[in-house]
Amino acid sequence: MGSLMDTQIMNIVDQPQSLEISNIPSETVGDVHVDHPRMTARNVNVFYGDKCAIDDVTLDIAEKQVISFIGPSGCGKSTFLRCLNRMNDTIDTCRIEGTIALDGQDIYAPHVDVVPLRARVGMVFQKPNPFPKSIYDNVAYGPRIHGLASRRAELDDIVENSLVRAGLWDEVKDRLGQPGTGLSGGQQQRLCIARAIAVSPEVILMDEPCSALDPIATARIEELIHELSTEFTIVIVTHSMQQAARVSQRTAYFHLGKLVEVGETEQIFTKPQHEMTHNYITGRFG
Amino acid sequence: MTETGVNNIGVDKAGGGMISPQEAAARVGAGLAARRAREKRFRAYGRIAIGIALAFLVTLFVSIFSKGIPGFFQHYVTLDVTLDSARLDPTGDLSVQSLYDGDARGVIRAALYDATGASGRSGRKAAGKIISAGAEQRLRKAVLDNPAILDTTQRMTFAVDDDVDSFLRGFINRETPEKDRRINDRMIGYIDALQEQGLISFEFSDYLIFGSASRNAEMAGIYGALIGSLLTLAVCLVLSFPIGVATAIYLEEFAPKNRITEIIEININNLAAVPSVVFGILGLAIFIGIFGMPRSIPLIGGVVLALMTLPTIIISSRAAIRAVPPSIRDAALGVGASRVQTMLHHVVPLAMPGMLTGTIIGMAQALGETAPLLMIGMVAFIVDVPGSVTDPGTVLPVQIFMWADFAERMFVLKTSAAIMVLLAFLILMNAAAIFVRKKLERRW
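Heads up: the protein sequence lines correspond to chains E and C, in order. Quick note, the first sequence lines up with residues 33 to 318 if you use the working numbering. Quick note, the second sequence lines up with residues 19 to 462 if you use the working numbering.
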């Protein structure tokens, strides 16, 4: 214990410059562009009041791929994630500059309605948050408000299909009428994933989806993310670098509101280009 | 922890040295007795405070119940009444007019003279005073309800006059010199005679529940006031609940956070502390003064009380909305619900128990409110039971206030009985609030 602390202290003493903001590059290291982008962010700045939370981030999100955002707490990765389906709109003081486009259409253009946008870009949150309604109603809520099913049988199909794809069907098929809040934490999170995919989104945003779950439930969710990536574009924010390494094809490292480095996950974790990325993934700070 | 760690924490600044664990334990032990005593004393203060509060409450309840429970009963006299159709129904068509033209009073008095053996002018006068003025009305009603009883002799029960009732309850002492009491010696004689024959009974007072305002204490009841209260509360609820909840939802979820909404918020909070009589003056000036609406009507009473309860409902509804976890909002917005859908499908249902609790408590406040209703004239003496919100009427607390003004012993008892009825309604409403909260409460 003591010796580990000593090495860390020595590292900090050896490399005092590594914690300074001036060391963050103005240009992101690695290739921010991809061949088939589903979403594109260009020169995005986000402010909370006067505070700059995201500073000039440019990034492409590739189709049917998992990209993970990593970085220390407060680095802006969740803020950036929430910009992708305009969940930040609910915060009065939040202001966004730059453009974010979904399939080439600017989602912050004046005429854009957030309702269809959020149907196309679904979201799963950090803490499982099923509605205090039945399991069935939880999944059926999205299709109902968007009018996706014209008949009851059709809605039943959507619910079953979503629960099957979320890997929850076998566990809940006999108790669809019971409250979703009565499930275990891992089951609740899979229910939330089922709810998100029930409206057939193109992109699913996941904000630390496993941080409130035990390792077994986490493993199931990770497996699920892997399966879903064949159909959906997935963006996941995580604090666990192992998780990022396991589930994602691309990884973006954020620090103090800047996108420091982005690249193939394997490359980021084996041969990080930037010193700060290197320090973070080797556990030297963050 | 290592040794150095302990030493660093345990530095004794005053002594400059380090204290050993034994010494530290000894010092902690020395202070322990004082610490425990302080804790004991604090708990004792709490118990004393609760004791004093309980004592007040018990005194209140004992005084109300000891006067109020006898107020639910009164004395009745049972008489064999010969229902002579020629005297009671001179026209013979059984119309209300005909019965009023008839001599119901004479028929009852005849039965009374028979029972008491009263004779002579002063004797009959004294006997006549034993029975309530409401007896005739009751006889007429019995005939109207069932005309077959005409020309037969029926055993009928009538309330006794309130002075006689007071005498029977022992409030009037027969040792008092005759000129100093409201019951003269002859009356006492007749009352004794009736009692000997077992004709006087002490029964549940139907007048209290089904009677309306009356100058005669034995006939006075709360029915009219109760209906007035219900009509007023209905108007109040219909106005204040939707307006209050809509205001709360708008302010909490949709209103931009700027100076204007801030000022509105402050004013709503301040309104909750405005003395209720001020709302009464407002009602008087605007509804009666400017709009020229009639006085004493439950409609205006309800509007005035709605103004008074609105802040309560708005404040509690906003608290209830704020208590809904943001994760539920996120969840709904995340699947593409609009803000209104998020509100109506998720937030409002979850906040509903809190909103309803606030509303019921506001209604309970309105039920007990007197001052603003005095201002708009609901304190008038109104015998008729209001049939709609635009009929003049009064409400329960105002009725209590008016009765408390009368000197008759029976009014004192009926005042306490009416207070008990009011308290019962308040407890009922609070119980409803708790029930609603428990019933609708959902876990998330």
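Honestly, I wouldn't trust all of these hints.
[Stated by the list, open to error] In silico BS3-like pairs for lysine-lysine, Cα to Cα no more than 27 angstroms straight-line:
id, chain 1, residue 1, chain 2, residue 2
1, E, K96, E, K165
2, C, K275, E, K165
3, C, K159, E, K165
4, E, K165, E, K205
5, E, K159, E, K96
6, C, K147, C, K197
7, C, K143, C, K159
8, C, K159, C, K147
9, C, K197, E, K83
[As the list claims (entries may be wrong)] To spell it out: a stretch of chain E is covered by chain C in this simulated footprint if at least three of its residues, at any positions, have a beta carbon under 8 angstroms from a beta carbon of chain C; those stretches are:
id, segment
10, 60–70
11, 288–297
Simulated from the structure, these hints should not be mistaken for lab results. Here a beta-carbon is modelled for each residue, glycine too, at the ideal position from N, C-alpha and C.
Against the structure, the hints:
1. Pair hint K96/E plus K165/E does not hold up; C-alpha atoms about 31 angstroms apart against a cutoff of 27 angstroms.
2. Of the supplied pair hints, the one linking K275/C and K165/E is violated, its CA atoms being roughly 32 angstroms apart against a limit of 27 angstroms.
3. At roughly 58 angstroms between alpha-carbon atoms, K159/C and K165/E are farther apart than 27 angstroms, so this suggested pair is violated.
4. A C-alpha spacing of about 16 angstroms is found between K165/E and K205/E, which places the hinted pair at or below 27 angstroms, so the restraint holds.
5. Our distance criterion of 27 angstroms between C-alpha atoms is met by K159/E and K96/E, whose separation comes to about 25 angstroms.
6. A threshold of 27 angstroms between alpha carbons decides the hint, and for K147/C with K197/C the separation of about 16 angstroms falls inside it, so the pair holds.
7. A hinted pair counts as satisfied when its Cα atoms are at most 27 angstroms apart, and K143/C with K159/C qualifies at roughly 25 angstroms.
8. Distance check on the hinted pair: K159/C and K147/C sit about 21 angstroms apart at the alpha-carbon level, within 27 angstroms; holds.
9. Taking the CA atoms of K197/C and K83/E, the gap is near 92 angstroms; set against the 27 angstroms cutoff, the hint is violated.
10. As drawn, the segment 60–70 of chain E meets chain C at 0 residues by the rule of a beta-carbon pair under 8 angstroms; below three, the given contact is violated.
11. Proximity of the segment 288–297 of chain E to chain C, defined as three or more residues with a beta carbon under 8 angstroms from a beta carbon of that chain, is not established by the 0 residues found.
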